[in-house]
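Chemist: Each chain, written out:
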Amino acid sequence: MKPHFRALLAGVACAAVFAAPALAQQKVKIGFITTLSGPAGAIGADMKNSVELALDHLGRKVGGLDTEVIYGDDQFKPDVGVQVADEMMKKHQVNFVSGIIWSNVMLAVAPRVTAAGTFMIGTNAGPHELAGELCNELFFTTSWQNDQTPEAMGKYMTDAGLTDVYIMAPNYAAGKDMLTGFKRTFKGRIVDEVYTRMGQTDYQAELSQLRAKNPKAVMVFYPGGMGIQFMKQYSEAGLRGQSPLYSVFTLDELSIPAVKHAALGQYETRIWSPDLKVPANEKYVGDYKKKYGKLPSFYGAQSYDGIMLIDSAVRAVKGNLADKKGMIAAMKKADFHSVRGKFTYGHNHFPIENFYLLRAVAGDSPAADPVMQIQKTVFANYKDSYGSACKMK
Amino acid sequence: MNLVLIAEQTLNGLQLGITLFLIAAGLTLVFGIMNLVNLAHGALYMVGAYFCTYFFQQTGSWPLAVVLALAGSMLVGAVTEVVALRTLYERDHLDQVLATFGLILFFNELVAMLWGRAAIFSTVPDYLSGHVQITEQLRYPLYRLVIIGVGLSVALLLWWLVARTRLGMLIRAGASNRTMVAALGINIRLLYTVVFSFGAALAGLAGLLVGPIYSVQPGMGELILIQVFVVIVIGGIGSIRGAFAGALIVGMVDTLGRAFLKPTLATVLSAPAADAAGPALASMLIYLLMAVVLAFRPAGLFPAVR
Amino acid sequence: MNASLRNWVLVGLLLLLAAVPPLAAWLNQPFYLDLLRRVMIFAIAATSLNLILGYGGMVSFGHAAYLGIGAYAVGVLSYYGINNGWLQWGVAIGASALVALAIGAVSVRTSGIYFIMITLAFTQMLYYLGLSIEEYGGDDGMRLASRSQFSGLVDLGDPASFYYVVLAILALFLYLTARLVGSRFGRALQAARTNEARTRAIGLSPYPYRLVAFVISGAMCGLAGALLVNHTAFLTPEFMNWTRSGELMFMVILGGIATASGPLLGAAGLLLLEDLLQGWELLPKAVTEHWQLYLGITLVLVVLFAKRGLAGLIPGRHE
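Chains as they are written, first to last, in our numbering: chain E, 132 to 524; chain X, 2 to 307; chain R, 663 to 981.
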């Protein structure tokens, strides 16, 4: 080697030795808020598993720095979520707050986090306020805007020429939003729009009414336990043959094991499916299955992406966590291997991405559970409808 | 609105009522006879559902699973009574509420630790699924008819037990005057444990019956607990007859309200107003009903005679 | 009035709480300020419930309704641009009192488990009502645009100032409750709880005393609701959920019913225990992941062995 090249190498090595301690002192702290107790605890467990898997894939270092993730349980209550977020910011001094399943918790927590100058990386809830007038440069989400998923279903059902559709949801804000989003894009005839009580267990009465109206198709939004009950009773009433079931946020990898073959043939629209042919996704799903013995859900996939997004930002500023402007610029590029494939961010920091039609089909063997499979792309690079209310560039 | 639909909804109301009765019977028995407010009744209901689902998966035989689940519920009930609840009979209702609430938290987490937090798969055995053609136009799920049948049988069994057997007599005597019965040589502690276990078995029976059609998951008891309390209060605490009447009334009112309130309102209000008011009113209906009943009959419809 | 050990303990606790803001600043742990402020707000709500539940023997399962009404009073006024704290809190107290009067007029006629259920029914109705009003957010809830303004007197935006306001209100309510309980009114109320037949026999009808106590209790809880919404800067119908009522009841029972220090001990006990079981680094993961199991066991043990609640653990004259 030429002498001056050797000197150059030595100089670089010295610089690295001096720089390394400065880098090694910095630690990345991420606060992850989800629901870990109660009926929705299964969702929280899935998100937590995915966060852990992401950290494993990154060698337990985000952006090359040692990482600590502090998990918090919002217990499905906004004020507990706020307390947990406060604890993460004030006691643990986290650099990023992430997670959150529910829109009402998100609306309580996100503005508080961004007002304190901390990043809020949402990985599920997408209330329209945060996509519109409450948008903030420190807020990014790896999921979607709540209305987009039912809008995709509305578009698909219109294109498929379906009409005489019966729609149902629980009687609360998210339920009404879902059906409103559906009606925005669905141009066929709606036979009836029915809202049921929150937490209702027995749907016999509604199913009898439905059968009497004899709709060509039924579209519902029933998250969590309500969905499991509805789907079981829908099948038991023998309605699947007569009126095929379409849904949003009702059937997923968490509820399939509880419903099994009763779910066959049901349609959903989503940004992701375990069978999406993207290399990062194949790795994620494969390793998740190996580590936890089951398939991940979209909640998990979005949380995995959340960690990867943070990683890309920290990497871009070379570990200088004080450079928030730099991290914002990096995140805006969405320059990481997302499990849903390449996507871009709108100016309101909500993804512009594809929406697919999924169907529950038979698994590998007769005894296996059904799996969700992508049938077609409903929307390519779909933007949400609230960006115009957002004042950011 | 056609007659077939009304008939079907009436049958639905009946079935919901019977289901509520099965869950409420055990609770009102324990409260009426032992003066114990047992919030953990919902937990025992959950335990029954989990046991039956688990044993059905393991053995493949539903009748066997039912028997094992009932035995399991009774055992869990007996152990809980001896360990945690024995000293509470003399205590204030408030202390009972707090202690049994603690038990709810305990059982929910225990079940989550054993079977995970996600809902588990429970299903009706093949020979009980399917429909029965009641009339030319009315088909009804067989399993729901089974539930109605079981519920009615349990109601008869309870009436016979309490009114016509020696055990029933002891129970009623113990409720009136515990110390006197003990002074007469009856082991009142054992009696109470037996009654509580029986109440637990009833809760477990309700749980295992509805498990296949509802969702079997931690916390499933809390979803129905409020409705059950409403039933008991309307019917009158401590009375099986009251629980039966209260359950049927609540089942009917709730079902018919959910089915027909919105269309009925639509005849007098504008469509969007009916759309908004209908579901909101239907949610509140059973509470309004309870408030009305209590306004006229502060002790419920059929209070237990002491 | 004998100054028993219990009263000194209560005064001591209040002084300790007063010392928290400077302590928190010195140790650079601002989180504990927020945590204890939340504890105190719930202690105020528990104090109001203790009046009717502990001293009056009226087990109201619907007390969360007043938290909600107080919170919504502030939230709705703020939504229409009215941020004057005096007005907002005044409306919170007034609206809660009115609703308590309406609910109480019907409910107080009943007793025992029926009273529990009817108060529960009314709360559930209010909860579903709140869920369905989309204008104020429905289930998504509503953000508080700005904290209650007190025209320069105190800035609720400053954590320490807000903390002292809450502490002052807590101390005031504890004092008021103690005076009320010791007065003729309070004696009549407690007499009705202990032995209703005898109370009637000496010519006192329990109904008016109970109703007045119910209204006062509701009004106090309404103020707690106004404080809570200022603390979280957010409100949802979940404030009125029956499980929230249950939590308030547990705080009162845990602390020791019909005791002066009970509500504060109960609120602190339940909320701090919850926080501890979930987040204390020294606990093994098996505990923090399933903290509700251990909370449940603790509650059962407290009931079985601490017969008069946490306050009962302090030696002193039993009331």
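Derived from the structure by calculation, the hints contain no laboratory data. Any given hint might turn out to be false.
As the list claims (entries may be wrong) - Estimated spans, in silico, between C-beta atoms of each pair:
#, chain 1, residue 1, chain 2, residue 2, range
1, X, M114, E, A247, 47 to 55 Å
2, E, A246, R, L675, 29 to 37 Å
3, E, T311, R, L834, 22 to 30 Å
4, X, L115, R, W942, 22 to 30 Å
5, X, W160, E, H392, 38 to 46 Å
6, R, W748, E, E264, 24 to 32 Å
7, R, Y798, X, R190, 38 to 46 Å
8, E, H392, X, L115, 34 to 42 Å
9, R, N690, E, G190, 30 to 38 Å
10, E, R191, R, Y798, 39 to 47 Å
11, E, K463, R, A948, 36 to 44 Å
12, E, V492, R, Y798, 38 to 46 Å
Stated by the list, open to error - Capping the alpha-carbon separation at 30 Å, the derived lysine-lysine pairs in DSBU-like fashion look like this:
#, chain 1, residue 1, chain 2, residue 2
13, E, K160, E, K449
14, E, K192, E, K425
15, R, K947, E, K422
16, E, K391, E, K420
17, E, K221, R, K969
18, E, K192, R, K969
19, E, K160, R, K969
20, E, K414, R, K969
21, E, K222, R, K969
22, R, K969, E, K179
23, E, K391, E, K192
24, E, K158, E, K507
25, R, K969, E, K421
26, E, K221, E, K449
27, R, K947, E, K425
28, E, K455, E, K420
29, E, K160, E, K314
30, E, K414, E, K160
31, E, K318, E, K414
32, E, K179, E, K524
33, E, K391, E, K158
34, R, K947, E, K420
35, E, K318, E, K514
36, E, K522, E, K455
37, E, K420, E, K473
38, E, K192, E, K522
39, R, K947, E, K158
40, E, K422, E, K391
Computed from a predicted model, the values in this text were never measured in an experiment. Glycine residues also receive a C-beta, built at the ideal position from the N, C-alpha and C atoms.
Chemist: Compare the structure with the hints numbered earlier in the document and write down the numbers of the violated ones, lowest to highest.
Modeler: 1, 3, 7, 8, 17, 18, 19, 20, 21, 22, 23, 24, 25, 28, 29, 31, 32, 33, 38
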